[in-house]
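Peer 1: For reference, the chains in residue letters:
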Amino acid sequence: MTDIDPADAQLTRLFTDLANDPAAPPSTVDASSVIRAARAAAAEVEADEAPDRPTDDGAGRPPVLAPVVDDPPPAEVRQFRPSRRRRTLVALLAAASLAAVAALVIPLSLSGGSSTNTSADAERAVAQSSAGDLSAGDLAAGAAAAPPTVKAAAPDQGVSSAAAAETAAAAGSAPAADAPADGFTAGAACWPALSEPVARALAAALPAGAYGDPEPLADDCTAAPVGGALLSGTIPPADATDTAAASAAAGFALTVRISAADPGACVDADPVTGAPCVPQLDGTYLATEGPGAPTVYVYGGGNEVAIGRFPGTGASSGLSIDQLAAAAQAVLGALG
Amino acid sequence: MDPEEEARFSVYVTARRDQVRRTAYLMCGDWHRADDLTQIAFVKLYGAWSQIRDYGALDAFVRRCLMRATVDESRRPWRRERAVEELPEVADVSPISGDFASTVVDREVVRQALEQVPPGQRAVLVLRYYEGLDVSATAAALECSEGNVKSQTARGLAALKAAFARQAAAPGGASS
Numbered sequence: 001m002t003d004i005d006p007a008d009a010q011l012t013r014l015f016t017d018l019a020n021d022p023a024a025p026p027s028t029v030d031a032s033s034v035i036r037a038a039r040a041a042a043a044e045v046e047a048d049e050a051p052d053r054p055t056d057d058g059a060g061r062p063p064v065l066a067p068v069v070d071d072p073p074p075a076e077v078r079q080f081r082p083s084r085r086r087r088t089l090v091a092l093l094a095a096a097s098l099a100a101v102a103a104l105v106i107p108l109s110l111s112g113g114s115s116t117n118t119s120a121d122a123e124r125a126v127a128q129s130s131a132g133d134l135s136a137g138d139l140a141a142g143a144a145a146a147p148p149t150v151k152a153a154a155p156d157q158g159v160s161s162a163a164a165a166e167t168a169a170a171a172g173s174a175p176a177a178d179a180p181a182d183g184f185t186a187g188a189a190c191w192p193a194l195s196e197p198v199a200r201a202l203a204a205a206l207p208a209g210a211y212g213d214p215e216p217l218a219d220d221c222t223a224a225p226v227g228g229a230l231l232s233g234t235i236p237p238a239d240a241t242d243t244a245a246a247s248a249a250a251g252f253a254l255t256v257r258i259s260a261a262d263p264g265a266c267v268d269a270d271p272v273t274g275a276p277c278v279p280q281l282d283g284t285y286l287a288t289e290g291p292g293a294p295t296v297y298v299y300g301g302g303n304e305v306a307i308g309r310f311p312g313t314g315a316s317s318g319l320s321i322d323q324l325a326a327a328a329q330a331v332l333g334a335l336g
Numbered sequence: 001m002d003p004e005e006e007a008r009f010s011v012y013v014t015a016r017r018d019q020v021r022r023t024a025y026l027m028c029g030d031w032h033r034a035d036d037l038t039q040i041a042f043v044k045l046y047g048a049w050s051q052i053r054d055y056g057a058l059d060a061f062v063r064r065c066l067m068r069a070t071v072d073e074s075r076r077p078w079r080r081e082r083a084v085e086e087l088p089e090v091a092d093v094s095p096i097s098g099d100f101a102s103t104v105v106d107r108e109v110v111r112q113a114l115e116q117v118p119p120g121q122r123a124v125l126v127l128r129y130y131e132g133l134d135v136s137a138t139a140a141a142l143e144c145s146e147g148n149v150k151s152q153t154a155r156g157l158a159a160l161k162a163a164f165a166r167q168a169a170a171p172g173g174a175s176s
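Chains as they are written, first to last, in our numbering: chain A, 1 to 336; chain B, 1 to 176.
No lab work stands behind these hints: they were computed from the structure. Just so you know, not all the hints are guaranteed correct.
Calculated from the model, a selection of chain A residues having no Cβ within reach of chain B, i.e. all distances over 10 angstroms [what the hints assert, rightly or not]:
no.	residue
1	T12
2	T16
3	A19
4	A37
5	E46
6	P197
7	G209
8	E215
9	A275
For the chain B half of the interface with chain A, some residues (derived, Cβ under 8 angstroms), not all of them [said to hold, decoys possible]:
no.	residue
10	E4
11	R16
12	D18
13	R22
14	D30
15	W31
16	T38
17	F42
18	G47
19	S50
20	Q51
21	I52
22	R107
23	Y130
Not the full set, but computed from the structure, chain A residues with beta-carbon under 7 angstroms of chain B [said to hold, decoys possible]:
no.	residue
24	A94
25	A95
26	S97
Computed from a predicted structure; not experimentally measured. Quick reminder that beta carbons are idealized off the backbone N, C-alpha and C, glycines included.
All chains should be built: construct the whole structure from the sequences, respecting the hints.
Peer 2: Put into structure tokens, the structure is as follows:
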């Protein structure tokens with residue numbers, strides 16, 4: 001005590017008297033308990049920080065082993081244990097990171113795996129979607145296989161835009177942005193399905209019984225698809241007498257593609273087949289990919305209607321140029 | 001630590017245990033907590049024993065460990081002191097006569113008054129008036145500046161005197 005005010009010197013007496021309380025309980029701290037606690041703490045820290053430490057330090061000296069501790073570890077050891085807490089935090093962080101990665105990777109891998117599906121898979125998915133029994137995952141898979149791209153809504157093609165929006169929402173796309181033009185139903189295929197009036201007009205223009213119902217068209221999307229369908233040739237009814245025509249009809253395939261395009265846009269090249277078209281006297285346009293594979297184009301209302309064979313196969317459409325032109329005009333007329 | 005060093009450590013602990021424990025008691029006001037704090041300080045000393053070069057500075061090292069442990073303990077949520085409107089009653093020792101009774105009353109009064117001093121100021125008072133440290137040694141033990149020690153000393157003394165005054169003014173309070 002060097003610079004204590006004598007006026008406060010009695011504090012020393014008071015403090016000393018308080019500290020020297022004869023009623024104080026005996027101390028539980030002694031050298032052996034301190035050493036045991038220190039060894040236990042050191043052993044725990046070593047076990048936490050170096051679990052793979054060899055049993056020998058390399059100099060021939062045995063490692064210091066923690067003795068059996070009779071007393072519980074001291075309060076500091078019980079309460080701190082920083083390395084254990086740090087390890088727990090690291091484990092929790094790792095688990096959270098794994099969960100986050102899994103949450104990202106699993107949906108991506110599912111959709112990525114579906115991207116290898118064939119067009120037939122996508123078509124099947126769309127067909128199931130139209131039947132109302134398609135799961136959301138399949139819809140998403142089909143959408144990933146063939147992302148829908150549609151043109152802006154045409155005001156004069158009124159049909160079921162609400163149904164289209166619902167289907168688009170079920171497919172996981174934004175309804176406002178990805179909704180198809182009015183009159184067509186968006187599905188998992190990139191070409192919206194034909195509306196009922198258009199399909200009816202098309203069926204009326206085609207030879208009766210030559211083709212089946214319109215199926216979704218998934219492949220070869222253009223920049224602004226409005227609607228599309230694939231019609232497979234069917235064997236005529238049993239009472240048909242022309243067996244040669246019946247056998248030939250089995251290999252027919254007809255595609256109908258309606259896109260937003262300016263008149264004569266196919267002159268440069270068909271965006272799907274790549275073949276340029278040639279204007280005809282009757283106002284239609286004609287392109288051929290080869291003998292027996294004509295495609296007829298008609299334009300009106302900002303739309304292009306292309307009818308011809310299915311480009312992905314060698315099957316012929318089975319129709320003459322006049323029949324194709326008639327069907328194309330019927331579809332264009334149904335569009336309004 | 002080899003056996004010889006452990007023996008030296010044991011000798012030191014045995015010699016200084018009571019003094020450290022008393023200081024810890026003045027800091028916390030509870031003998032069992034004082035035991036905990038004492039053990040913490042000595043465990044820290046054990047861990048640093050092999051690095052100690054100046055054995056004359058052992059007391060200062062242990063004192064610093066004790067102060068750190070006291071501050072750490074006082075910051076734990078279940079150890080925080082609570083301010084109360086009514087102070088607890090002073091022990092009634094009237095049946096005990098003579099100097100012993102007044103000593104006991106004084107001890108309880110001092111303990112309760114010391115409890116009302118903030119922990120930092122209490123540490124300064126204990127180190128300066130019980131341990132007898134000067135300003136610089138107190139500053140070293142508390143790891144703060146000497147100016148801080150001086151100001152904390154003044155505030156601690158004021159707080160302690162105010163606590164004494166409140167106890168004296170309280171009904172049935174001590175008259176020391």
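Peer 1: Next, verify each hint and record whether it holds.
Peer 2: Verification of the supplied hints:
1. Distance to chain B contradicts A/T12 as a non-interface residue, since its nearest Cβ pair spans about 5 angstroms, not more than 10 angstroms.
2. Not every C-beta of chain B lies more than 10 angstroms from that of A/T16, the closest at about 7 angstroms, which undercuts listing it as non-interface.
3. Consistency note on A/A19: stated as away from chain B, yet its beta-carbon is not over 10 angstroms from all of that chain's, at 4 angstroms minimum.
4. The claim that A/A37 lies off the interface is violated: its Cβ sits roughly 5 angstroms from the closest Cβ of chain B, which falls inside the 10 angstroms cut-off.
5. Non-interface call for A/E46 relative to chain B: holds, since the shortest CB-CB distance, roughly 12 angstroms, exceeds 10 angstroms.
6. Residue-level check passed: A/P197 sits 75 angstroms from the nearest beta carbon of chain B, beyond 10 angstroms.
7. Every beta carbon of chain B lies more than 10 angstroms from that of A/G209, the smallest distance being close to 86 angstroms; the non-interface claim holds.
8. Consistency note on A/E215: stated as away from chain B, and its beta-carbon is indeed over 10 angstroms from all of that chain's, at 70 angstroms minimum.
9. No beta-carbon of chain B comes within 10 angstroms of the beta-carbon of A/A275; the shortest separation is about 81 angstroms.
10. For B/E4, the shortest C-beta to C-beta distance to chain A is roughly 14 angstroms, which exceeds 8 angstroms, and the interface hint is violated.
11. Proximity of B/R16 to chain A is violated relative to the hint, the smallest CB-CB distance being about 10 angstroms (cut-off 8 angstroms).
12. Residue-level restraint check for B/D18 holds (minimum Cβ-Cβ distance to chain A is 7 angstroms; threshold 8 angstroms).
13. Below 8 angstroms, beta-carbon pairs count as interface contacts, and B/R22 has one with chain A at about 4 angstroms; its hint therefore holds.
14. The criterion of a C-beta within 8 angstroms of any C-beta in chain A is not met by B/D30, whose closest approach is roughly 10 angstroms, and the hint is violated.
15. With its C-beta approaching chain A no nearer than about 5 angstroms, B/W31 sits inside the 8 angstroms limit, and its interface hint holds.
16. Because the closest C-beta pair between B/T38 and chain A is about 5 angstroms apart, less than 8 angstroms, the hint holds.
17. Proximity of B/F42 to chain A holds as hinted, the smallest CB-CB distance being about 4 angstroms (cut-off 8 angstroms).
18. For the restraint placing B/G47 at the interface with chain A, the shortest Cβ-Cβ distance is roughly 6 angstroms, inside the 8 angstroms limit, so the hint holds.
19. Taking 8 angstroms as the C-beta cut-off, the interface hint given for B/S50 is violated, the closest approach to chain A being about 11 angstroms.
20. Taking 8 angstroms as the C-beta contact cut-off toward chain A, the hint placing B/Q51 at the interface is violated, the least distance being around 14 angstroms.
21. About 14 angstroms separates the beta-carbon of B/I52 from the nearest beta-carbon of chain A, more than 8 angstroms, and the hint is not met.
22. Of the supplied interface hints, the one on B/R107 holds, with its beta-carbon coming within about 5 angstroms of a beta-carbon of chain A, less than 8 angstroms.
23. Proximity of B/Y130 to chain A holds as hinted, the smallest CB-CB distance being about 4 angstroms (cut-off 8 angstroms).
24. The beta carbon of A/A94 is not positioned within 7 angstroms of any beta carbon in chain B (closest approach about 29 angstroms), and the interface hint is therefore violated.
25. The interface hint given for A/A95 is violated, since its Cβ lies 28 angstroms from the closest Cβ of chain B, which is over the 7 angstroms cut-off.
26. Look at A/S97: its Cβ only gets to about 30 angstroms from chain B, farther than 7 angstroms, so that hint breaks.
The structure is inconsistent with the numbered hints 1, 2, 3, 4, 10, 11, 14, 19, 20, 21, 24, 25 and 26, although it conforms to all the rest.
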